[in-house]
Amino acid sequence: MTSLPAPTKKKLGLVIDLDICVGCHACAVACKEWNDGGDFGPLADDDPYGAEPLGVWFNRVHTYEVQSTGANDAGGNAQLDLLHLDGASTAAPIPQMVHFPRSCLHCETPDCVTVCPTGASYKRAEDGIVLVDQDKCIGCQLCAWACPYGAREIALPHPQTSTSDAGRKDSKRGTMQKCTLCVDRIYNETLDERDRQPACVLACPTRARMFGDLGDPDSDVSKTVAARGGYALMPEFGYQPVNRYLPPRPRRDGSHAATAVATPAAETLETEKLPPLLRWLDKALSR
Amino acid sequence: MKPALSVIFFTVLSGAGYGLWCLLGLALTAGIYPPAAGALVPLAFGFVLVTAGLLASTLHLGRPERAWRALTQWRSSWLSREGIAALITYLPMLAVAWCAYAGRENTTIRIAGALLALCALVTVWCTANIYRSLKTIRAWRARQVLPLYFMFALLSGGLWLWAWLSLTAGSAFGSGLPLALLALAVIAAIVKADYWKHVDTQPAGTTGHATGLEMLGRVRAFEGPVTEDSYLTREMAFVLARKHGARLRRLAIVLFTLVPALTIMVALGAGAVWLAPVAALAVIAGLFIERWLFFAEARHAVAAFFPQRQA
Numbered sequence: 001m002t003s004l005p006a007p008t009k010k011k012l013g014l015v016i017d018l019d020i021c022v023g024c025h026a027c028a029v030a031c032k033e034w035n036d037g038g039d040f041g042p043l044a045d046d047d048p049y050g051a052e053p054l055g056v057w058f059n060r061v062h063t064y065e066v067q068s069t070g071a072n073d074a075g076g077n078a079q080l081d082l083l084h085l086d087g088a089s090t091a092a093p094i095p096q097m098v099h100f101p102r103s104c105l106h107c108e109t110p111d112c113v114t115v116c117p118t119g120a121s122y123k124r125a126e127d128g129i130v131l132v133d134q135d136k137c138i139g140c141q142l143c144a145w146a147c148p149y150g151a152r153e154i155a156l157p158h159p160q161t162s163t164s165d166a167g168r169k170d171s172k173r174g175t176m177q178k179c180t181l182c183v184d185r186i187y188n189e190t191l192d193e194r195d196r197q198p199a200c201v202l203a204c205p206t207r208a209r210m211f212g213d214l215g216d217p218d219s220d221v222s223k224t225v226a227a228r229g230g231y232a233l234m235p236e237f238g239y240q241p242v243n244r245y246l247p248p249r250p251r252r253d254g255s256h257a258a259t260a261v262a263t264p265a266a267e268t269l270e271t272e273k274l275p276p277l278l279r280w281l282d283k284a285l286s287r
Numbered sequence: 001m002k003p004a005l006s007v008i009f010f011t012v013l014s015g016a017g018y019g020l021w022c023l024l025g026l027a028l029t030a031g032i033y034p035p036a037a038g039a040l041v042p043l044a045f046g047f048v049l050v051t052a053g054l055l056a057s058t059l060h061l062g063r064p065e066r067a068w069r070a071l072t073q074w075r076s077s078w079l080s081r082e083g084i085a086a087l088i089t090y091l092p093m094l095a096v097a098w099c100a101y102a103g104r105e106n107t108t109i110r111i112a113g114a115l116l117a118l119c120a121l122v123t124v125w126c127t128a129n130i131y132r133s134l135k136t137i138r139a140w141r142a143r144q145v146l147p148l149y150f151m152f153a154l155l156s157g158g159l160w161l162w163a164w165l166s167l168t169a170g171s172a173f174g175s176g177l178p179l180a181l182l183a184l185a186v187i188a189a190i191v192k193a194d195y196w197k198h199v200d201t202q203p204a205g206t207t208g209h210a211t212g213l214e215m216l217g218r219v220r221a222f223e224g225p226v227t228e229d230s231y232l233t234r235e236m237a238f239v240l241a242r243k244h245g246a247r248l249r250r251l252a253i254v255l256f257t258l259v260p261a262l263t264i265m266v267a268l269g270a271g272a273v274w275l276a277p278v279a280a281l282a283v284i285a286g287l288f289i290e291r292w293l294f295f296a297e298a299r300h301a302v303a304a305f306f307p308q309r310q311a
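The listed protein sequences correspond, in order, to chains A and B. Numbering-wise, the first sequence is residues 1 to 287 according to the working numbering. Numbering-wise, the second sequence is residues 1 to 311 according to the working numbering.
Chain A on its own, in the form it takes in the complex (with noise of 0.2 Å):
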């Protein structure tokens, strides 16, 4: 049924802290790992060895360059500054790079979900998982098109190459694919209890992937939201994302960036290397 459930008071999901993710794409490696061989598996590739391998992926890492404008930063006139060679005095800020993982939100109110035809795409009552019934999609994409996140990615409608991960019996699917949130890890029992996490979570050596319950306000997810200030992307399209970023934190200095060419340090004068009159001047005049 692709009509959406009551409000789940349970919201499962996601929190991305942009600050310290090094964009390793380890989250993205393992979630394919994962759920190539998980229940929602393969993820089959086209040309996976050739020159322009094409493949389903749940979770990709974009690298974005923010140059900060901001009235408080160092050097505002940046590009200005930058022209000018005796540019010694003034401080042209380096454009900080974020790493930004990029998922399926499991939004609360997602067009993904009635847009489907069929009923493959739905939401579930009980967690607010947002999945896909592989054995009831006929990849039409109109999901995918009604994400403004790019979450959702068909497998393999039409393999270019006779290469397509040979050998695999799936390896035509032609239905579309998303984020399970690893469904099939979460509620596993055969699992370690701190197992029972998302792979991409699990795999973050920086620990900038967070897996909770958005939903209780008491959850550790939720108290470090409200403490980091963590924002939903596009919230304008009404589908209520369930996942949040971390704004990356401000530099020391109060600013969004570093700077360039750091503001010269006061001359340090080594008196004791200074000739005897010299040395008296300075202790004469710095009384």
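Hints listed in this document are in silico derivations from the structure and should not be mistaken for laboratory results. Quick reminder that beta carbons are idealized off the backbone N, C-alpha and C, glycines included. Any given hint might turn out to be false.
[What the hints assert, rightly or not] Straight line, CA to CA, 30 Å or less: simulated DSSO-like cross-link-like pairs of lysine-lysine:
{"#": "1", "chain 1": "B", "residue 1": "Lys197", "chain 2": "B", "residue 2": "Lys135"}
{"#": "2", "chain 1": "A", "residue 1": "Lys10", "chain 2": "B", "residue 2": "Lys135"}
{"#": "3", "chain 1": "B", "residue 1": "Lys243", "chain 2": "B", "residue 2": "Lys197"}
{"#": "4", "chain 1": "A", "residue 1": "Lys136", "chain 2": "B", "residue 2": "Lys2"}
{"#": "5", "chain 1": "A", "residue 1": "Lys32", "chain 2": "B", "residue 2": "Lys243"}
{"#": "6", "chain 1": "A", "residue 1": "Lys9", "chain 2": "A", "residue 2": "Lys136"}
{"#": "7", "chain 1": "A", "residue 1": "Lys32", "chain 2": "A", "residue 2": "Lys10"}
{"#": "8", "chain 1": "A", "residue 1": "Lys136", "chain 2": "B", "residue 2": "Lys197"}
{"#": "9", "chain 1": "B", "residue 1": "Lys135", "chain 2": "A", "residue 2": "Lys9"}
{"#": "10", "chain 1": "A", "residue 1": "Lys10", "chain 2": "A", "residue 2": "Lys136"}
{"#": "11", "chain 1": "B", "residue 1": "Lys243", "chain 2": "B", "residue 2": "Lys2"}
{"#": "12", "chain 1": "A", "residue 1": "Lys10", "chain 2": "A", "residue 2": "Lys223"}
{"#": "13", "chain 1": "A", "residue 1": "Lys283", "chain 2": "A", "residue 2": "Lys273"}
{"#": "14", "chain 1": "B", "residue 1": "Lys135", "chain 2": "B", "residue 2": "Lys243"}
{"#": "15", "chain 1": "A", "residue 1": "Lys9", "chain 2": "A", "residue 2": "Lys223"}
[Said to hold, decoys possible] Here are the computed distance ranges between Cβ atoms for each label pair:
{"#": "16", "chain 1": "A", "residue 1": "Thr109", "chain 2": "B", "residue 2": "Ala142", "range": "20 to 28 Å"}
{"#": "17", "chain 1": "A", "residue 1": "Asp220", "chain 2": "B", "residue 2": "Glu214", "range": "25 to 33 Å"}
{"#": "18", "chain 1": "B", "residue 1": "Ala44", "chain 2": "A", "residue 2": "Gly50", "range": "23 to 31 Å"}
{"#": "19", "chain 1": "B", "residue 1": "Lys197", "chain 2": "A", "residue 2": "Cys24", "range": "42 to 50 Å"}
With the hints as your guide, set chain B onto chain A.
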């Protein structure tokens, strides 16, 4: 958006078929279609157009053999509603065909004709809403989209009806239909030009807004997630050939307005009714270009996440 040929064939051909059925149904209801038995050929031609379009649409599916499942979610999905409306429309079509075949030029064929016209319009309405309902593609939210789907369906289908009437009844049928189609062609061009103007002035979504990083400053996509293309960049961040947009727009207007307008005027003025199929074919060709641009020029919100590419 990537302009998929299957979807272009579907919307253009089915649209023409439904437009043809709609006008034919209205003519039968009004009792001005002479004689009703002659309705079988245009009805069958509409059937070919509609069915060819619907079959083409299944080529867009990754799993066409499961297409029947699309009939289940009419409560929420416009695609599902469209599928159901398309199938239901075959029922009054069969009723009209039976009436025409059995020579029942009475109330029955009038009711069947009215139902056929209504169902055909509802189906086109559902088709337009599939696209109109996508918030992520701002161009398709424009108020011109729905009227254009109706106008193009009636124009392209109506010209085929006129072509059939001209070839069989000569100019005896009168000039009401061609003059109405002439006006429709002109209005469609004006509304389409208005749509293009509207789309051109829409600001593209920015990377800073999509990522929420605009609060920190100017944002530029430095690196995409992978060096090669992905489904997302191929499907949603389609920019190829937008540079030919202006020329293609002019060509489309020539084909779907100028050619039929001139043809209608010459046909009526000089009695050269054999020209009618030329107009019908030109409009179909023009609509293929128009529909290709409808997809190719539409920007999807997700493209803002990716490095901007040169067109």
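Verification of the hints:
1. Under the criterion of a C-alpha separation no larger than 30 Å, the hint pairing B/Lys197 with B/Lys135 is consistent with the structure, at around 19 Å.
2. Between A/Lys10 and B/Lys135 the CA atoms are separated by roughly 27 Å; this keeps the pair inside 30 Å, and the hint holds.
3. Taken as a hint, the B/Lys243 and B/Lys197 pair is honoured in the structure, with Cα atoms around 16 Å apart against an allowance of 30 Å.
4. With a C-alpha separation of about 25 Å, the suggested pair A/Lys136 and B/Lys2 falls inside the 30 Å cut-off, and the hint holds.
5. This hinted pair does not check out: A/Lys32 and B/Lys243 have alpha carbons roughly 37 Å apart, beyond 30 Å.
6. Between A/Lys9 and A/Lys136, the direct Cα distance comes to roughly 27 Å. Compliance with the 30 Å bound is thereby established for this hinted pair.
7. Taken as a hint, the A/Lys32 and A/Lys10 pair is honoured in the structure, with Cα atoms around 26 Å apart against an allowance of 30 Å.
8. Taken as a hint, the A/Lys136 and B/Lys197 pair is broken in the structure, with Cα atoms around 41 Å apart against an allowance of 30 Å.
9. Distance restraint check for B/Lys135 and A/Lys9: the Cα-Cα separation of roughly 26 Å lies within the 30 Å cut-off, and the hinted pair is therefore satisfied.
10. A C-alpha spacing of about 26 Å is found between A/Lys10 and A/Lys136, which places the hinted pair at or below 30 Å, so the restraint holds.
11. A threshold of 30 Å between alpha carbons decides the hint, and for B/Lys243 with B/Lys2 the separation of about 15 Å falls inside it, so the pair holds.
12. With a C-alpha separation of about 15 Å, the suggested pairing of A/Lys10 with A/Lys223 holds against the 30 Å cut-off.
13. Restraint check for A/Lys283 and A/Lys273: satisfied, since their Cα atoms lie roughly 13 Å apart, inside the 30 Å limit.
14. Proposed proximity of B/Lys135 and B/Lys243 is supported: the alpha carbons are some 25 Å apart, at most 30 Å.
15. Pair hint A/Lys9 plus A/Lys223 holds up; C-alpha atoms about 17 Å apart against a cutoff of 30 Å.
16. The hinted range of 20 to 28 Å is satisfied by A/Thr109 and B/Ala142, whose Cβ atoms lie roughly 24 Å apart.
17. Separation of A/Asp220 from B/Glu214 is about 28 Å and conforms to the stated range, judged on CB atoms against 25 to 33 Å.
18. Hint check: B/Ala44 to A/Gly50, Cβ distance near 48 Å, so the stated range 23 to 31 Å is violated.
19. At roughly 46 Å, the beta carbons of B/Lys197 and A/Cys24 sit within the given window of 42 to 50 Å.
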